[in-house]
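As they're listed, the protein sequences go chains A and B. Heads up, the first sequence is in this note's numbering, so the first residue is 3 and it goes up one at a time. Heads up, the second sequence is in this note's numbering, so the first residue is 3 and it goes up one at a time.
Calculated directly from the structure, the hints in this document are not laboratory data. A couple of the hints might just be wrong.
Within a straight-line C-alpha distance of at most 25 Å, the following computed SDA-like cross-link-like pairs (lysine to any residue) qualify [to be verified]:
| hint | chain 1 | residue 1 | chain 2 | residue 2 |
| --- | --- | --- | --- | --- |
| 1 | B | K216 | A | S6 |
| 2 | B | K332 | A | M59 |
| 3 | A | K332 | A | R26 |
| 4 | A | K13 | B | R8 |
| 5 | B | K13 | A | S218 |
| 6 | A | K216 | A | G188 |
| 7 | B | K332 | B | E300 |
| 8 | B | K215 | B | I79 |
| 9 | A | K216 | B | S10 |
| 10 | B | K13 | A | P246 |
What follows is each chain in one-letter form.
Number of protein chains: 2
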Amino acid sequence: MAFSERVSRLKSSLIREILAAAQRPEVMSFAGGLPAEAMLPQVEWADMPRTLGQYGMSEGEPALREALAAEARGLGIPCDASQVLIVSGSQQTLDFAAKLYIDQGTEVLLEAPTYLAALQTFQLFGAECITVPLASDGPDLIALRQRLEQHNPAFAYLIPTFQNPSGVRYSEARRDAVAALLDEFGVTLIEDEPYRELNFDGGAATPIVCRLKKASWIYTGTVSKTLMPGLRVGYLISTPDLFPHLLRLKQAADLHTNRIGQWQALQWLGTERYRQHLLELRAFYRGRRDAFETALEENFSELAQWNCPQGGLFFWLTLKQPLDTRTLLKQALEQNVAFMPGEPFFADPEANPGYLRLNFSHIDPQRLDEGLQRLAAVIRQAQIAQAA
Amino acid sequence: MAFSERVSRLKSSLIREILAAAQRPEVMSFAGGLPAEAMLPQVEWADMPRTLGQYGMSEGEPALREALAAEARGLGIPCDASQVLIVSGSQQTLDFAAKLYIDQGTEVLLEAPTYLAALQTFQLFGAECITVPLASDGPDLIALRQRLEQHNPAFAYLIPTFQNPSGVRYSEARRDAVAALLDEFGVTLIEDEPYRELNFDGGAATPIVCRLKKASWIYTGTVSKTLMPGLRVGYLISTPDLFPHLLRLKQAADLHTNRIGQWQALQWLGTERYRQHLLELRAFYRGRRDAFETALEENFSELAQWNCPQGGLFFWLTLKQPLDTRTLLKQALEQNVAFMPGEPFFADPEANPGYLRLNFSHIDPQRLDEGLQRLAAVIRQAQIAQAA
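Put together the whole structure using the sequences plus the hints.
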């Protein structure tokens, strides 16, 4: 059996295994990033044209590309529909970025922590991950300049708005500074924004790609967090120099994105009905976020520190007494509680013990307090055992 | 701009460019592999559960996996649902096969000719393509043994039933012999069967994977040719040794296949309604195939030779006076006729001039004769110019 060299880096996915365990109905899960089932919209299919059963264009449905380009221009992104590629969920953008840029040993620049599945995909292709620590308003700029001076990353992958896992939203000033540095060093930006619309406390910041003057960029988004992840409809928008390559990678990967989901997404984008749905979604998640904050204060104030996230789906906890949180999983699941250990969100997990990512959107509010109580007890017990 | 080494092998897709040109309504297209629009079934969506909007499992929907495993067992493939992975169209299986096996310079074994998009995907990852010529009843067995003795391919990729582009269906004896050789040399088989159900003249042959005793295998199929390609729902079935790796590659590629399409596919598989639809589809395409054969005899009997395909979607023509058929495209499109040149279906295009792939399923029967007449005229003119 001779697999590719790449397969040796194909890690067992902790997320997938935790999510599988969290499927048991008795488990109180803080693990996934799932939208609340109650907020999945009622959708209609009756008017869908039968011709959508036919093969479609690799670029995606023309009307959907137009709608997404219009929305992006509304955010300040200079683009037209010819720069929009519809993808099978924004995870696919990460696959294409890896294919486009990464050979064995290619350096890429990431936040620490960063999105676990991005890290896994880039490492699968053999990337050398250079990381920049995140503060509460964005990356450490001194460290960023230093990394750019000392390394030659093929791209920087950033999640500047309600980052998964940390919840960080870059300030305006950090966005400007990051754009200026990427322009100065000529480094391509991949800006991932699945959570932009899940904004609970107002405030806004234009994407970093709007601020670039020279560097190439890929901006990627999805309807998974606002409409329905089951559709698997995401999109990327790129500078024209990258687009033809990305389009060919799309064709080689799966020919085109399913047209049924593209049609449904188009029924919502830019409509009054969608604006209304987003308002309801924000209010619903804001309520869950607030209840979670209260329950956390009750159960975790002695154990951990955190910032209250202004958007997205996660609280990111820093334990006051660090330990490898992966070792807590077994006991937590025995107590019917699931959570995401923080270590796998770092390129160097061993050097970053003591973080937990807790999802607040999915759990039944009736069981929230009980779940956090049990999780806190598991942590306390482990800390006692560690001290002993 | 530093792209990966791989990008230098990312070819402009001739297919995509021809299909784009063939979109013009005035073009008579023999180019694509599109199902006839008239045969897209009327589908219902009203009963689809709203919960399918949520994220799903990377493996695919459990009920669909069960249904596909049952169907595969009916063909003689020893498997259960745990070996079935739902993919975003069977093109995605090729992407996974490339990721699982191919490093720069890895040898893979292919038919000559073979499916263009498979060739492109494997070459994108850096494969060294070893090829075996196809006769009318399967691969040349002496050549196959020789290749296996002289090379060390990571896998053999074969399309034994109504191959694209050649239309060849391997005989029972060739299937047995191929299985025995792959077992003898311990080479993994990837068996691609999108056209199995498009069988016009009866006869059947069990898949080659059923005949393997030792070698690992991946069997891949789709609902694109029988139901609706726009759903982007395909599947693979693999031996248990490969499955965990393929599952992780699926998760890294796009998390999971869209659930809307999976649900629709499940409404059809194994039902009386689907059996009826397949009967109608076969009758419809048989009629188109027969009309095409008649029109070909009228227009091409002096120019080319061909075997009447017993299934699938294509005639494969061998010009009696070979020339590089890629050079005919421009003139053909000026005459509003599109076709697929044969050269790109070979790992060594320059050494294989003089073939054309003509799709018979999509063209309007009213325009069939006119289209073939014009194409024949373009060829004749080029041959005269060549001789001069």
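Against the structure, the hints:
1. Only pairs whose Cα atoms come within 25 Å are accepted, and B:K216 paired with A:S6 is accepted, the gap being roughly 21 Å.
2. Annotation: proposed proximity of B:K332 to A:M59 holds, straight-line Cα distance about 22 Å (limit 25 Å).
3. Between A:K332 and A:R26 the CA atoms are separated by roughly 15 Å; this keeps the pair inside 25 Å, and the hint holds.
4. As the CA atoms of A:K13 and B:R8 are separated by approximately 23 Å, the hinted pair is consistent with the 25 Å bound.
5. Straight-line distance between C-alpha atoms of B:K13 and A:S218 comes to about 22 Å, which keeps the hinted pair within the 25 Å bound.
6. Proposed proximity of A:K216 and A:G188 is supported: the alpha carbons are some 7 Å apart, at most 25 Å.
7. For the hint pairing B:K332 with B:E300, the CA-to-CA distance comes to about 24 Å; that is within 25 Å, so the pair holds.
8. In summary, the hint linking B:K215 to B:I79 is supported, as the alpha carbons are separated by about 12 Å, within the 25 Å threshold.
9. Pair hint A:K216 plus B:S10 holds up; C-alpha atoms about 23 Å apart against a cutoff of 25 Å.
10. At most 25 Å may separate the alpha-carbon atoms for a hinted pair to count; B:K13 and A:P246 meet this at roughly 10 Å.
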